[in-house]
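Undergrad: The residues making up each chain are set out below.
Protein chains: 4
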Amino acid sequence: PDHFFLIAGPCVVEGASLLDEVASRVSAVCKRLEIPYIFKASYRKANRTSASSFTGIGDIEALTMLKAVSEKYKLPTVSDIHSAPEAAMAAGYVDMLQIPAFLCRQTELLEAAAKTGKVVNVKKGQFLSGASMKFAVEKIKAAGNDQVLLTERGTTFGYQDLVVDYRNIPVMQQTGVPVVMDCTHSLQQPNQTTGVTGGNPQMIETIAKAAIAAGANGLFIETHPNPAVAKSDGANMLQLDLLEPLLEKLLRIRKAIL
Amino acid sequence: PDHFFLIAGPCVVEGASLLDEVASRVSAVCKRLEIPYIFKASYRKANRTSASSFTGIGDIEALTMLKAVSEKYKLPTVSDIHSAPEAAMAAGYVDMLQIPAFLCRQTELLEAAAKTGKVVNVKKGQFLSGASMKFAVEKIKAAGNDQVLLTERGTTFGYQDLVVDYRNIPVMQQTGVPVVMDCTHSLQQPNQTTGVTGGNPQMIETIAKAAIAAGANGLFIETHPNPAVAKSDGANMLQLDLLEPLLEKLLRIRKAIL
Amino acid sequence: PDHFFLIAGPCVVEGASLLDEVASRVSAVCKRLEIPYIFKASYRKANRTSASSFTGIGDIEALTMLKAVSEKYKLPTVSDIHSAPEAAMAAGYVDMLQIPAFLCRQTELLEAAAKTGKVVNVKKGQFLSGASMKFAVEKIKAAGNDQVLLTERGTTFGYQDLVVDYRNIPVMQQTGVPVVMDCTHSLQQPNQTTGVTGGNPQMIETIAKAAIAAGANGLFIETHPNPAVAKSDGANMLQLDLLEPLLEKLLRIRKAIL
Amino acid sequence: PDHFFLIAGPCVVEGASLLDEVASRVSAVCKRLEIPYIFKASYRKANRTSASSFTGIGDIEALTMLKAVSEKYKLPTVSDIHSAPEAAMAAGYVDMLQIPAFLCRQTELLEAAAKTGKVVNVKKGQFLSGASMKFAVEKIKAAGNDQVLLTERGTTFGYQDLVVDYRNIPVMQQTGVPVVMDCTHSLQQPNQTTGVTGGNPQMIETIAKAAIAAGANGLFIETHPNPAVAKSDGANMLQLDLLEPLLEKLLRIRKAIL
Numbered sequence: 001p002d003h004f005f006l007i008a009g010p011c012v013v014e015g016a017s018l019l020d021e022v023a024s025r026v027s028a029v030c031k032r033l034e035i036p037y038i039f040k041a042s043y044r045k046a047n048r049t050s051a052s053s054f055t056g057i058g059d060i061e062a063l064t065m066l067k068a069v070s071e072k073y074k075l076p077t078v079s080d081i082h083s084a085p086e087a088a089m090a091a092g093y094v095d096m097l098q099i100p101a102f103l104c105r106q107t108e109l110l111e112a113a114a115k116t117g118k119v120v121n122v123k124k125g126q127f128l129s130g131a132s133m134k135f136a137v138e139k140i141k142a143a144g145n146d147q148v149l150l151t152e153r154g155t156t157f158g159y160q161d162l163v164v165d166y167r168n169i170p171v172m173q174q175t176g177v178p179v180v181m182d183c184t185h186s187l188q189q190p191n192q193t194t195g196v197t198g199g200n201p202q203m204i205e206t207i208a209k210a211a212i213a214a215g216a217n218g219l220f221i222e223t224h225p226n227p228a229v230a231k232s233d234g235a236n237m238l239q240l241d242l243l244e245p246l247l248e249k250l251l252r253i254r255k256a257i258l
Numbered sequence: 001p002d003h004f005f006l007i008a009g010p011c012v013v014e015g016a017s018l019l020d021e022v023a024s025r026v027s028a029v030c031k032r033l034e035i036p037y038i039f040k041a042s043y044r045k046a047n048r049t050s051a052s053s054f055t056g057i058g059d060i061e062a063l064t065m066l067k068a069v070s071e072k073y074k075l076p077t078v079s080d081i082h083s084a085p086e087a088a089m090a091a092g093y094v095d096m097l098q099i100p101a102f103l104c105r106q107t108e109l110l111e112a113a114a115k116t117g118k119v120v121n122v123k124k125g126q127f128l129s130g131a132s133m134k135f136a137v138e139k140i141k142a143a144g145n146d147q148v149l150l151t152e153r154g155t156t157f158g159y160q161d162l163v164v165d166y167r168n169i170p171v172m173q174q175t176g177v178p179v180v181m182d183c184t185h186s187l188q189q190p191n192q193t194t195g196v197t198g199g200n201p202q203m204i205e206t207i208a209k210a211a212i213a214a215g216a217n218g219l220f221i222e223t224h225p226n227p228a229v230a231k232s233d234g235a236n237m238l239q240l241d242l243l244e245p246l247l248e249k250l251l252r253i254r255k256a257i258l
Numbered sequence: 001p002d003h004f005f006l007i008a009g010p011c012v013v014e015g016a017s018l019l020d021e022v023a024s025r026v027s028a029v030c031k032r033l034e035i036p037y038i039f040k041a042s043y044r045k046a047n048r049t050s051a052s053s054f055t056g057i058g059d060i061e062a063l064t065m066l067k068a069v070s071e072k073y074k075l076p077t078v079s080d081i082h083s084a085p086e087a088a089m090a091a092g093y094v095d096m097l098q099i100p101a102f103l104c105r106q107t108e109l110l111e112a113a114a115k116t117g118k119v120v121n122v123k124k125g126q127f128l129s130g131a132s133m134k135f136a137v138e139k140i141k142a143a144g145n146d147q148v149l150l151t152e153r154g155t156t157f158g159y160q161d162l163v164v165d166y167r168n169i170p171v172m173q174q175t176g177v178p179v180v181m182d183c184t185h186s187l188q189q190p191n192q193t194t195g196v197t198g199g200n201p202q203m204i205e206t207i208a209k210a211a212i213a214a215g216a217n218g219l220f221i222e223t224h225p226n227p228a229v230a231k232s233d234g235a236n237m238l239q240l241d242l243l244e245p246l247l248e249k250l251l252r253i254r255k256a257i258l
Numbered sequence: 001p002d003h004f005f006l007i008a009g010p011c012v013v014e015g016a017s018l019l020d021e022v023a024s025r026v027s028a029v030c031k032r033l034e035i036p037y038i039f040k041a042s043y044r045k046a047n048r049t050s051a052s053s054f055t056g057i058g059d060i061e062a063l064t065m066l067k068a069v070s071e072k073y074k075l076p077t078v079s080d081i082h083s084a085p086e087a088a089m090a091a092g093y094v095d096m097l098q099i100p101a102f103l104c105r106q107t108e109l110l111e112a113a114a115k116t117g118k119v120v121n122v123k124k125g126q127f128l129s130g131a132s133m134k135f136a137v138e139k140i141k142a143a144g145n146d147q148v149l150l151t152e153r154g155t156t157f158g159y160q161d162l163v164v165d166y167r168n169i170p171v172m173q174q175t176g177v178p179v180v181m182d183c184t185h186s187l188q189q190p191n192q193t194t195g196v197t198g199g200n201p202q203m204i205e206t207i208a209k210a211a212i213a214a215g216a217n218g219l220f221i222e223t224h225p226n227p228a229v230a231k232s233d234g235a236n237m238l239q240l241d242l243l244e245p246l247l248e249k250l251l252r253i254r255k256a257i258l
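Chains as they are written, first to last, in this note's numbering: chain A, 1 to 258; chain B, 1 to 258; chain C, 1 to 258; chain D, 1 to 258.
Note that these hints are calculated values from the structure, not bench results. Mixed in with the good hints, there may be bad ones.
If several chains are the same, the list does not tell them apart, and a pair holds so long as it fits within one copy or across any two.
Unchecked claim - DSS-like cross-link-like pairs, simulated, lysine-lysine; straight-line CA separation at most 27 Å:
no., residue 1, residue 2
1, K115, K45
2, K141, K231
3, K255, K31
4, K118, K45
Modelling step: build the complete structure from the supplied sequences, incorporating the hints.
TA: Here it is in structure tokens:
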């Protein structure tokens, strides 16, 4: 496959107009650049640091909006699930189920996701090695589903920082599944005293370039027309205007390594 | 309170006779030493590294055995829960609900545990600072439950090791809740290539002594008559015979710091 | 040996009156508490973060002041050395030579220190395991000197924090030499953007209590009558007034573990 | 500058014929690929884990061989120094002085290197952030030398692993000096119980590709005709035959990012 694929969107479903704006603009860019595009938005955020943070507009409302985007723009979609019963629910609306990093060891959740027959994207826990992710792949395959992705999103590095270990890209590829670099959450600065996770968005380009050079099959980038007003992860989202020039640079690197 | 309390038991409910043996022996020791004792066993292991590892004998069977132990030996009991619906189920059988470290950020799970009115023991994620655990306490209190414990169980330190940061004991105590040191899981050696978590049981005494000296309110120690045949966490469990002399040493340190 | 020993003093030789004040007060406290006391001050700081930080008043002047303190108060003394030729120079004035943590792998420096016949205290590098310090002990013994101490002073934990791994106390004791906990530098917060290392002095008591409980043979504590005006490491020094009550608490723990 | 530069050679000067073979072959490759090439070999290894490891054939003998290689192949050369007096000595033979990572905070060593007027390459300590390396640059510039390089070589990540943080490349470039990725030592597996540092040479290509994509100005690669018999760092050296195809791949990435 000549191109990397892109999983991108606005973190959480805030409302229909935001979804439409992001899907419209990103799908146009990706069409022009011939990058396979999967639209991403969470229908709910279940593990915010603080209970007072925004968690969503309602699961079914959000999933319905995701399905509408999918149909309007002919895009596959992905959303996170957080418990086994959510797998079947979400599978009625989206094409790919994503397992959050904190939950990547929950066997029942992996199996429930697997049994929907949808593609399952498992994010590497901040506490796990790339090599250990083979056990997540095995759990999903043993449940009868071969469509698995693994996503690198950084590893605990002291309390208030994450570090991306690029060795994990080839290591996780040894399981035989595509590997995605999550350029957004890899840059989180967790455990801030404010209860709001910090970030470092000026590093998105460095993280993404190194990932493509190291052979990542796909990229995950949260993007928003105005990250400063986003209801979740604003500290690390890429401003939508910056996505196209970034992808153009990354395509040049991709071609150089093929 | 003059004494530290002890949460101890055989990791997972393997069968009735094991529970009885451990409860009988540990409760006798703790009665003699005047150490408040909470009997611990998981009715299910939901996040084993590998899908082929033992996960339990059946939830209700295991919980029923826990309740029988509780009644026979007049002991409070604790078990892990892994999803919101499990909270109410387990609360029918045990006195304390434990939130596994990987799940300590799952708001819905914390809230479901809180709403049972049982004591909730939240283990610090390997990816979280002690300071961040105040948000877990706040989530539980906001759900109407003031009976919270926090447990230190080590922090990610490279891929294949955990390190205990004793600063977390006073830091977590600043939330106003008792703090427990988990002497068993703190010594895990995760991410082994075999898929079986390793350990370092000869360090249990060092971990426990430092915890009591640093002011821990309670200790969590998994113990088994024969750790070599235990079905989970055998690499770090304390042999049952060694518990009494260890507790005697720890009580001397406890008295020295009061 | 029933007592732990204490290495304490004001970080760097700022002038004769400071040395005298600290030596006088600490030696009186230690005499009363029967704690063997080694007076510590560096005659020079060779590895300050920033070139503009204070490094010393002159080597020979500082060493002469150390010798005067030693004679007046009948105290053994210790100071850091930073290159092989300094070993013989410093050995003319002090009783123990300390190898800074950054330099603990420099074979020539260890050998030069060893050959003076003085006691050599090697601080564990922030990048080394406790187990690896056996090679430092072997280098010194191979150079003909059996009088070695090893000191734990924390390990790199992300960029801006150190963590003390108490497993290193028994691990380093397996080499057969006494192990010291450095309660001051273990609490450094390195890599601050200001170029001045930060600290966390309210944690000194926790670090020290856990160390004694874990079996440390000695403690290293920098102390100053007024840490806020100290010319080096002020962020972590213990105020001199607080030393005596801390030592009393620690002696109770020491007695509890014997 | 269109090309990255290469610092490469056989770790330590083992003898004249090895130097000649490596210089001959690498200089031919670099000439063909138009890659500026600096020949590297240490005249002495001063910080081996174990005192029984090979440290060198004699300083002056080794430096003389380096100078002969330089003249024969018209190559600039670089070697490590370990103490201030070595700076002037080595400057008589080589064109660039390298400061080992463990020693990057030793002010006197940095200043002595600076004062020779030679280019100074400072390796980032395993315990330092990229941001903190600005203080090393400042120390050298304050001593009157503007010719500085900084080299990333991995950061402590648990005891037995290092991780490369690619954010350090742009961060260190903010000091205005070129930044080199050391693809050899970044892959060390330190603190092995054997006393011999381990490695992971199959990851050299991943480390190097990500570095070029992230904008590194130069690469550092130790290479040997037969790493299995090398007297130092054999676990991570690139086999000489593999250098040319690797450089060709890297040049394609370099062109893609310009």
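Undergrad: Going through the numbered hints above, which ones does this structure break? Give me the numbers in ascending order.
TA: Going through the list in order, the structure violates no hint and respects every one.
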